[in-house]
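Visitor: Each chain, written out:
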Amino acid sequence: MSVPENLRYSKSHEWVRIDGDTATVGITDHAQEELGDVALIQLPEVGRILLADGAFGEIESIKAVSELYSPVGGEVVAINEALEEAPETVNNDPYGDGWLIKLKVASPADADVLLDAAGYNALLEES
Amino acid sequence: MKSTALIETHRALGARFVDYAGWEMPVQYSSGPVAEVKACRSAVGIFDVSHMGTVRVSGPEALDFIQYVTSNDASRLVPGQAQYSLLLNGAGGVVDDIIVYRVATQEFFAVINAGCKDKDVAWLRTHIRSFPGATLVDESDATSIIAVQGPSAVSLVSSLTAGAVDSIKRFHFASTRVSGVSLVAAHTGYTGEDGFELIMPWDGAPSVWSALIAGGASPCGLASRDVLRIEAAYPLYGHEINEDISPLGAGLQWAVKTSKKDFIGRNALVERAQSVTREKLVGLVVASGARAIPRERCPVYASTIEDPVGIVTSGTLSPTLGIGVALARVGAGWATMGQALEIDIRGKRSPVEVAPLPFYRNGV
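Listed in order, the protein sequences are those of chains P and B.
So in the working numbering, spot 13 of the first sequence is number 13, and the numbers just go up one at a time.
Going from the second sequence to the working numbering is simple: count from 1 and add 1000.
Isolated chain P, as found in the complex:
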């Protein structure tokens, strides 16, 4: 199970990468593995304001539906439109081409309260 060192993680198995005032959000390798073959992803419209821990969409596999939560708050500035045609990218490359949304965050330091790689690994070991 891959847990990159340079990302932050939520307890609901999303990851976030902070780059200046932009946050990129996706689901973790563990989450995609649990979900199985991703079949459909509902993402918000660009311009929507999300609160930290706010639901921003749904991700569906053949058998299950999961709600997506944003680990940080901000304005949606981009969604990964390629996933509409190729949702399986989330399975194949969850930390790269399988990203979900990009947010413009007011205070990037908000991400500091999230789990780091060690904390997320510990969470996975507990479950």
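When the alpha-carbon atoms are kept at most 25 Å apart in a straight line, the in silico SDA-like pairs for lysine to any residue are as follows:
hint : chain 1 : residue 1 : chain 2 : residue 2
1    : B       : K1119     : B       : E1024
2    : B       : K1038     : P       : N91
3    : B       : K1038     : P       : E84
4    : B       : K1348     : P       : G54
5    : B       : K1169     : B       : V1103
6    : B       : K1038     : P       : D93
7    : B       : K1348     : P       : V76
8    : B       : K1348     : P       : V77
9    : B       : K1348     : P       : E85
10   : B       : K1260     : B       : T1105
11   : B       : K1348     : P       : A82
12   : B       : K1348     : P       : P44
13   : B       : K1348     : P       : E81
14   : B       : K1348     : P       : E88
15   : B       : K1348     : P       : A64
16   : B       : K1038     : P       : G36
17   : B       : K1348     : P       : E84
18   : P       : K11       : P       : D21
19   : B       : K1038     : P       : D29
20   : B       : K1348     : P       : G36
21   : B       : K1257     : B       : Y1234
22   : B       : K1038     : P       : A82
23   : B       : K1348     : P       : R48
24   : P       : K102      : B       : R1291
25   : B       : K1038     : P       : E34
With beta-carbon atoms standing in for the labels, derived distance ranges:
hint : chain 1 : residue 1 : chain 2 : residue 2 : range
26   : B       : R1349     : P       : E67       : 14 to 24 Å
27   : P       : V46       : B       : R1349     : 22 to 32 Å
28   : P       : L51       : B       : G1014     : 34 to 44 Å
29   : P       : E75       : B       : V1018     : 37 to 47 Å
30   : P       : V77       : B       : R1272     : 57 to 67 Å
31   : B       : T1336     : P       : E5        : 56 to 66 Å
32   : B       : G1163     : P       : S12       : 49 to 59 Å
33   : B       : V1018     : P       : E5        : 27 to 37 Å
34   : B       : E1008     : P       : E75       : 44 to 54 Å
35   : P       : E67       : B       : T1126     : 38 to 48 Å
36   : P       : E5        : B       : A1162     : 56 to 66 Å
37   : B       : G1163     : P       : E88       : 40 to 50 Å
38   : P       : A64       : B       : A1012     : 23 to 33 Å
39   : B       : G1014     : P       : A118      : 25 to 35 Å
For the record, the hints were derived by calculation from the structure and aren't laboratory data.
Built from N, CA and C at the ideal position, the CB exists for glycine as well.
Given chain P, put chain B in place with the hints provided.
Guide: Just chain B, lined up with the frame of chain P:
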């Protein structure tokens, strides 16, 4: 939780498990349900369905008893032939759907749903009291079943058996051996593909399974099995049918032979068949361009009236067709082919259309 004789085999194949009717069953293997569906549709998939129950009825009154507790006409079966049938309750609801095998003139075998097993056996034991010339044995704990399904399934099974199983007609069965294990090869299935269901002693399953895998079969779990049966429009107990649903509202009237003499549920169904308002089981496909996956219990709407006109009984994304599909129970007035409807999926309406069933079958 109960487990089948193959649980360690499944573990070694990277299975993920789920509690299904009290059984720890593989829901998928490492390649995932989409790949498993494709393997079954393009080559051959194998399924451990040993959780299903099995009962044997024998004696001079065996046929009379089977005729009384099932809706199909077992008198039409010759030894070596099987049929889909229903156990009905007195109100005409479905206690279970089953396959009845005529083993000999006075001997029948039935495969029943895992989730209904205890209920069915109790139900059958109650009614067999009126048939002192028939005896019932629950063989569930002594029996393993492996389904071998797909366009290459018949040739695979043929290559592993001494006798020619390709001469067994559809819905017929014969005794044979695979890897030294004596088993019954039944030319039946639940995937919409050709193939066999191999019924064998409990401890024979691991060597038969290994022989099938060595022959190129892909292991398939319950998730792909459910997708395959939805594509092929086979009912699943607890979804399309249950104690409160008439087989007439589930497209199963062909398995109800009201012309044969009295059987449990017959009178209720004869009365109900005459009433005007009826529900029908239909296929729904998500309209092209709309991306949505219908799920069980989603309400179905028509644009002209406010209240729901039906409910989704099973839904999935069809990996074979690349679209969302559903089996749904709708008012008979909304069951016309091509009828435009809407499904409410977690608060969002998606356009669908009534489509012919099955969505997909390959030569069966």
